[in-house]
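Okay, here's what each chain looks like letter by letter:
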Amino acid sequence: MFDANPAASPSARVRKVEPSSFGFQPSSVPPPAGGGGDLLEISLGPHHPSTHGVFRMNVVLDGETVVRLKPVFGYLHRNHEKLGEGTSYLGSMPYTDRLDYLNSMTNNWAYAIAVEKLAGLTVPERAEYVRVILAELTRLLNHTCLAGFLMQDCGCSGTPLMYAFRERERILDLFESLSGSRMMCNYQRFGGCRVDPTPAWLAAVAQLVDRYGPFLDEFEELLTGNEIIMARTQGVGRLPAALAVNAGVTGPMLRASGVGHDLRKVDGYGVYPRLNFRVPVGDHGDVYDRYMVRVLEMRESISLLRQALAALPGGPVLDPKAKQRGLRPKAGEAYGRIEGPKGEIGFYLVSDGTANPYRYRVRPPSFVNLTVLEDLCLGHTVADAVIILGSIDIVLGEVDR
Amino acid sequence: MTTTSVPSSESWLEVAPLQARDALLGLLPESLHWIASSVLAIAVLVGAFGLMFAYLTLAERKLLGRIQNRPGPNRTGWAGLLQPFADAVKALTKEDIVPRDADKVLHALAPVSLVALSLIGLAVIPFGRHLVAIELDAAVLYFFAAGAATELSIFMAGWASRNKYSLLAAMRALAQLISYEVPLLLSVVPVVLVAGTLSTTAIVAAQGGWAAGFWPHWHVLTPWGFSAFCLFMIAALAESNRSPFDLPEAESELIAGHLTEYSGFKYALFFMAEYFGMAALSAMAVTLFLGGWQAPLGWLEVLPSYVWFAAKLLALLAGFIWIRATFPRLRIDQLTRLAWKFLVPMALLNLANAAFWSLTAGWSGPLQAVRWAVSLAAVVVPFLLLSRSLFSGLGPRVYRYAPS
Chain A
3 MFDANPAASP SARVRKVEPS SFGFQPSSVP PPAGGGGDLL EISLGPHHPS THGVFRMNVV
63 LDGETVVRLK PVFGYLHRNH EKLGEGTSYL GSMPYTDRLD YLNSMTNNWA YAIAVEKLAG
123 LTVPERAEYV RVILAELTRL LNHTCLAGFL MQDCGCSGTP LMYAFRERER ILDLFESLSG
183 SRMMCNYQRF GGCRVDPTPA WLAAVAQLVD RYGPFLDEFE ELLTGNEIIM ARTQGVGRLP
243 AALAVNAGVT GPMLRASGVG HDLRKVDGYG VYPRLNFRVP VGDHGDVYDR YMVRVLEMRE
303 SISLLRQALA ALPGGPVLDP KAKQRGLRPK AGEAYGRIEG PKGEIGFYLV SDGTANPYRY
363 RVRPPSFVNL TVLEDLCLGH TVADAVIILG SIDIVLGEVD R
Chain B
22 MTTTSVPSSE SWLEVAPLQA RDALLGLLPE SLHWIASSVL AIAVLVGAFG LMFAYLTLAE
82 RKLLGRIQNR PGPNRTGWAG LLQPFADAVK ALTKEDIVPR DADKVLHALA PVSLVALSLI
142 GLAVIPFGRH LVAIELDAAV LYFFAAGAAT ELSIFMAGWA SRNKYSLLAA MRALAQLISY
202 EVPLLLSVVP VVLVAGTLST TAIVAAQGGW AAGFWPHWHV LTPWGFSAFC LFMIAALAES
262 NRSPFDLPEA ESELIAGHLT EYSGFKYALF FMAEYFGMAA LSAMAVTLFL GGWQAPLGWL
322 EVLPSYVWFA AKLLALLAGF IWIRATFPRL RIDQLTRLAW KFLVPMALLN LANAAFWSLT
382 AGWSGPLQAV RWAVSLAAVV VPFLLLSRSL FSGLGPRVYR YAPS
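Quick mapping for you: the protein sequence lines, in order, are chains A and B.
Take 3 as the starting number for the first sequence in this note's numbering and just add one per residue.
Take 22 as the starting number for the second sequence in this note's numbering and just add one per residue.
Some hints could be false.
As the list claims (entries may be wrong) - In silico contact screen, one side only, chain B against chain A (beta carbon under 7 Å); selected entries:
id: 1; residue: N90
id: 2; residue: N95
id: 3; residue: G98
id: 4; residue: W99
id: 5; residue: K185
id: 6; residue: S264
id: 7; residue: E274
id: 8; residue: G319
id: 9; residue: W343
id: 10; residue: R345
id: 11; residue: A346
id: 12; residue: R350
id: 13; residue: R352
id: 14; residue: R421
Keep in mind the hints are simulated off the structure, nothing from the lab.
Just so it is clear, CB atoms sit at the ideal spot from N, CA and C, and this is done for glycine as well.
All chains should be modelled from the sequences, with the hints used to inform the complete structure.
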């Protein structure tokens, strides 16, 4: 599986398993070639509790230490990009929900931006604020879930996960009452949003925002200072800033490695330039930093939500002149990207003037961030590999597409 | 059960179990009494702890549920009270899958031997004033010998399954056994030293009475005893493979560890063994440190001794569940480091502390205060030093914000 040159690589010591005798026989592992212990090749996944979906890590272990790791994915491949070429521009909008199914609102937004650039549409002011509100709610949702799952990977018996899911449910309820669906929201439209939020809905958001700070305080009090959490996560899975930049890593993972790159600041899309927020940055690039950067981002999101709710103007939420069905943009190309909760989510569209895009391409943050997995895991134990994977924050719907 | 005659001065509740036994034995000829008495003791132990196991699983799920903002099982029977029986029926009717390449004999033997070895430790625990199945002079030794053998069953299960996850779990189980057997035994030695006996009944008897009329002579209420109790409970968590030391069955890493290839009733047997082991170690902790069946205050002796024992036992078991709900899991190297760099040195120092305590048993008046101060310092100072070194390099961090 790993051996380009069996003689030179340590995987020469890895026992090959014949399909006919798949049973594992400890006594048949050959003795180590030059020191060290016997190597054990183990397939973590695709049916593994901690791979966050149908993801597989082929791991070569020396004792408990990872010496090789090969990510295997594609189990959830749905031909997403090719489907986009055969579907109208509007028809792809609900498909983007299924990419990263935790963050359908931000997927919608990035796709809408791409199409708006392509077709030269403008977005009403109110819609821009509503989009910021929904994007920051999504960020809260995603980071809360991630923190819960990461703690689950660390071996907590579900308690932090349940606390996280309690808050997630509140946000999903808001999404449901606005868009009609909890996870597959299909809410953004070209040139605005599909439904105008009611004052009652906005009041419910304000209420949620007010109680989110105390929830984070509680969550952090229970976990951030916990000695076992610190022992498990500090110094584990260090990602150097240079490697992160070279590999194209974006989002909280990049910022945890000390690079203060945030598209909300860099691109200044939407109304973000008018809002006040800071970009937290970690110094170590380990799992603990990745967790803490996300927690601090959630606190910034709370402040962003407050500002956006206070500044929300009146007016239409969808440009009435913007065509949705049968949209035929002029021939050309456009790339729309935003800072999704997991990193840069982008859509690249090429139009040939027909009702379907000529080329439809997704830039998925989960997939790109996942490419550094082996570099992060080498030399750590199998228990660490699980939490390193958890800290990368992947959703297989987006990795495999 | 011991065959001491029933003292007449005690309340009828206290002696009721003995009278029931005598009544049953009276139905049989004299020549069969010795075997009937043993069978009766075994039946009572298995029945009582079997039922406790059933409801402990329910209690664990309920408590975990409440801690996690959910109701826990509440559909089967009134408030979920029949859930353990529904689970038992499910486990019994499930298909028993044995992997083709598994060592079939060992694979079947492992859960059975685990349950048996977890149970036999209970034989030497005095559950009440007159309730001990076997009075052994070396009861403490016997108990820990039986307890250490349980890890071998886990190794057996891991090895026989011919599954890589199970094998890793077996490796971890052995590492854990070797690491934690030492502090577990070392934390018991001070009690043996002070009480001067290996017999559990004598150790409980040594903790009777009250200092100044209200301060029980329980070992946990002395500085060395409290330290030894904490060390014992930490090591007991590891010995019974409970969170945060549940590495052999770490579900987020090794699927289910040594249980991966078990299903149906064999799987249930592993669970049963885990709870028996937990109950046995908690019962031992109650016996060694919490005064066994002794009531905390004199006037509370109106309740029979076995009620007090059960109350203490259930309190410790609730602690196990609480810890499971709140702690993340350690990594294998951190697990062994905790054992060798913290628990073992603490236990050794504690042994010296206990020796000092028993040497100064005659001190009184102001000297008594000196005795307490020295003993307390001998616990607190090493704890602070060792725990600091354990967490060197770790700590909360300060985060900066990118310049905008």
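Results of checking the hints against the structure:
1. N90: This interface hint holds because 5 Å falls under the 7 Å limit.
2. N95: With Cβ-Cβ at 16 Å, over 7 Å, it is violated.
3. G98: 24 Å, violated
4. W99: Hint violated; B:W99 Cβ to chain A Cβ min 25 Å, cut 7 Å.
5. K185: 5 Å, holds
6. S264: Holds - the Cβ of B:S264 comes within 7 Å of chain A, reaching about 6 Å at its closest.
7. E274: At 5 Å from the nearest chain A Cβ, B:E274 passes the 7 Å test, so the hint holds.
8. G319: Status violated, d = 41 Å.
9. W343: Violated. Min distance 11 Å.
10. R345: 5 Å, holds
11. A346: This interface hint holds because 5 Å falls under the 7 Å limit.
12. R350: 2 Å, holds
13. R352: 5 Å, holds
14. R421: Cβ of B:R421 sits 6 Å from chain A, so the hint holds.
The structure shown violates the earlier hints numbered 2, 3, 4, 8 and 9.
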